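Q: So the chains spell out like this:
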Amino acid sequence: MIRLITLLLLAGSFAVQAQDTRLNLPYSRFTLDNGLTVIVHEDFSTPMVAVNVWYHVGSSYEKPGRTGFAHLFEHIMFEGSGHVKEGDFDNLLEAAGGNNNGSTNNDRTNYYETVPANAVSLALFLESDRMGYLPDAMSPGKVDGQRDVVKNERRQSYENRPYGLAWQYLSSEFYPKNHPYHWPVIGYMEDLSAASYEDVLEFFKKYYRPNNAALVIAGAIKTADAKKLAESWFRDVPKGETIIRPEAPEFELSGVKTMTIEDNVQLPRLYMAFKSPRSLSPGDAEMDITAQILAGGKNSRLYKRLVYDLQIAQDVAAFQNSGALSSQLIIIATARPGIDLDQLKNVIDEEIEKLKAESPSQRELQRVVNQYEVGYLSQFQSIEAKADMMNSYFRFTGNPDWANEDLSRYKSIDTGDISSVTQTYLDLNKRLILSFVPKGATELAVKSTGEQK
Amino acid sequence: MKKALLTFAVSVLPLLLFAQNPDRSEAPALGPIQPLVIPEIESFKLSNGIPVYFVRKDQVPLVQINLFVSGGSAFEKPSELGLANLTTDLMTEGAGKRDALALADEIDFLGIRLDAYAGSEFMGVNLFAPTSRVDQALDLMKDVTLSPSFAEKELDRIRKSKLVTLGQNHDESRVIASTAFNQIIFGKDHAFGRGATGTEKTLKSFTVKEVRAFHETYFNAKNAWIVVAGAIDQKALKIKLETALGKMKSGKSFETPKLPVPTVAGRVIYLIDKPGAAQSELRIGHTGVNRMTPDYFNLTVVNTILGGSFTSRLNQNIREEHGYAYGASSRFGFQKNTGAFLAASAVQTEVTDSAIFEFMKELKGISKISEEDLTRARNYVALSFPSDFADVQSIADNIGNQIFYGLPKDYYNTYTRNILDVTVDNAVKTAKNYIKTDDLVIVVVGDKAQIEAKIKGLNLGEIKYLSIEDVLGPVPQI
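Residue numbers (my numbering), protein chains in the order written: chain F, 1 to 453; chain R, 1001 to 1478.
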């Protein structure tokens, strides 16, 4: 509530200066008696409103034998609730000109609607009803229906896609068995088959409670109106127990782990993963930048050598796959016909070693930071992006208006920091290397050079 | 007891008044709609005659500047397949005094996006930049548009990359299915049937000379127009654009070629074997209609009901009712020339035949539309419309369409009304006119051994067999 004063002061000054980018997200925040956090951000540039609910639960909260459950549950949330019959969640929103969806990752599940400003009440009715009364409309048949849909989502995005199973192995072969990131968010087919109606009820009761959620309302609505609507729709949702959050065991990759997968592909592809600092911890932003210096744009180290100069790779990418409990720095490169993956790996290793030995140039660093800066500006055009950003910042920093601080993380990095994190985290003797090769062409895979696990 | 009760009641009363539970007996009523008024497009001309269309949008200090020219893959001669895309890809591989790496470095350093692209009927150069860096950005846009280097070395590199991509397409059921569908309904020689990447033969034949000539022919002031949306003052914009593009040379202006409109006769299933596939890619449809059709609003609403939204019949049937797929959809490809009508999904291998059966059922059933279905679809399209005007990129895209397709001046400000005016009668008439079930093509890319017999059992029509190579050609030799 203290924020309300700040809000009034900032309300008139929401203007982003690109020279010295200030990314303000003025907001008002309050907590209902049942523990639901509500955050409101005004933006009247279009007569639309984004409603965004985060439940602080993701695949890392799952039990063994029930992988993929958080995501399966996300699907079930659209199938009706106590006062909303099956199909009406979408019927009502579409009839009002609204769009909606949801997504699940390791750490959280989000649900969002974009509605014309006159339909905010409808969106909040629907969100509050499934938060309060989902089990009243739940049935084993509905669970079965969405189970089939999710299995087809898995087929479409993983099994029937070239290299699609890489994402599963990047979890299962990288994280130890007792780590909550050991299994893929989509889950395993046999676990999806095993999920029961009782599991759904238990998961709902445990995690889908207002005290484990936050609601952002962003767009063409006055704060006082949004507040009134949120209070009136969510007040009857009962509070749940205190949530026990998953804990990640300390672990180190003990050596170089290699794995070869024969797939229906023309070209071999290499996936390499190093253990890196978890999201928002020291070193995380440095790893984001390191990934870009390695493979973002034509002048990046790996693109320039592998794709541009040597032309032994068709493509290369690198990114920091950040999670609340742990992260991975992932490098992906596809070989040109006739090239084996050792050739790519050798160049990647050389470039990593170079980055350790000598700091990148100021220009290389600034190039990446400038792109981040414009990226933030671009996102600030969208009420949906802002709403999700605010929920994310609230969850992981406690402050929904954290975009400036987030950008400052990148702006304050100097070139020496990049070499330093590269030395610390990109240890060539501690990594996972996946080789995807055409069927019968295992000779194209990376031959293990380091110590084998 | 009475007294005690009374005290209780008094103490609880205010709580009840304030903490009344919400009425969930029915969904809350909607308030009055707040319309979005699209500001009038301002227009002016550069000294070399290039028209500029501009909409100011101030919320965030960003600008989108799109230069269009008439041209693209539909303009290619048979020996030129892939030349439009190759040319525009090469425009950002070195320009002015910068080579490919120096140009990329400058673009990345400014944090801007600067891309050249080719569609089938128009091509162009798009710039997205913070207002504060628009001068430097326009300087690069000028080089890319007017003086790309077209170095031999870069041509060879991009050519090789494209040939490899053609080979990789053999892995992708999605690409195989879509390519086959377009080849079959339009014909392999038709601009919409032959694809835009080119073939191994044409790609290997191109020299810098042809690329340069293609660029020179189409990228001229007489053949160009510019669309701008963003946080910039019109006066300043005019000066900046004049500096950057006011000296673009004149040339010939081009009309979009009138492509033949083949019709699909009879119902034929094309089965393309992809052994071991976990899903079958389905592409079902026929040739459709062009963007200028007076039935555009009717078609948009009809397609929303059939396969253009989550609650659409195809998605509800294939995904929600049967769980055959992650999703199913349909669309009309609207261009100046007649595009395709297409219904599509990736369905579980074991139920491929059942899914095709359900697709056919829904295509037939679209000739019946209830008032409720119609209202939901109309509202969904009409009332979500302001979201298409939230950012400078989308605004520029919308204005670009308005100009290219010659839509009326008040098009966007009457759009909501026009959609809401679609009637059941018109929707039904349109559905019957444009969605055929006796004359259509069904393309299936999947595991033939598992799906063939059951598809035959549907007795939908003749089954023709194609191999991946029949569709994509052999994997190119690099």
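No lab work stands behind these hints: they were computed from the structure.
Values in this document were obtained by computation on a predicted structure and should not be read as measured data.
All C-beta atoms in this analysis are idealised placements derived from N, C-alpha and C, irrespective of residue type, glycine included.
Hints may contain errors.
A few chain R residues that face chain F, going by a derived Cβ cut-off under 8 Å, partial list only [to be verified]:
1) P1028
2) P1078
3) E1080
4) A1104
5) N1290
6) N1317
7) S1329
8) Y1411
9) N1413
10) T1414
11) Y1415
12) R1417
Q: For each hint, tell me whether it holds in the structure or not.
A: Each hint, compared with the structure:
For P1028/R, the suggested interface contact is upheld, since its CB lies about 4 Å from the closest CB of chain F, less than 8 Å. For P1078/R, the interface hint is violated, since its Cβ never comes within 8 Å of a Cβ in chain F; the closest pair sits about 27 Å apart. Contact between E1080/R and chain F, as hinted, is not supported at the beta carbon level, the nearest pair being about 25 Å apart and thus beyond 8 Å. The restraint placing A1104/R at the interface with chain F holds, with a minimum CB-CB distance near 4 Å, inside the 8 Å limit.
For N1290/R, the suggested interface contact is broken, since its CB lies about 27 Å from the closest CB of chain F, more than 8 Å. Among the interface hints, the one on N1317/R is violated; its C-beta lies about 12 Å from the nearest C-beta in chain F, farther than the 8 Å criterion. At its closest, the beta carbon of S1329/R sits 13 Å from a beta carbon of chain F; the interface hint therefore is violated under the 8 Å criterion. At a threshold of 8 Å, the smallest CB-CB gap from Y1411/R to chain F is about 18 Å, leaving the interface hint violated.
Nearest Cβ of chain F to the Cβ of N1413/R: about 14 Å, over the 8 Å cut. The hint is violated. Taken as an interface hint, T1414/R does not check out: its beta carbon lies about 17 Å from the nearest beta carbon of chain F, beyond 8 Å. Because the beta carbon of Y1415/R sits about 13 Å from the nearest beta carbon in chain F, more than 8 Å, this interface hint is broken. Against a cut-off of 8 Å between C-beta atoms, the interface hint on R1417/R is violated, since the closest Cβ of chain F lies about 14 Å away.
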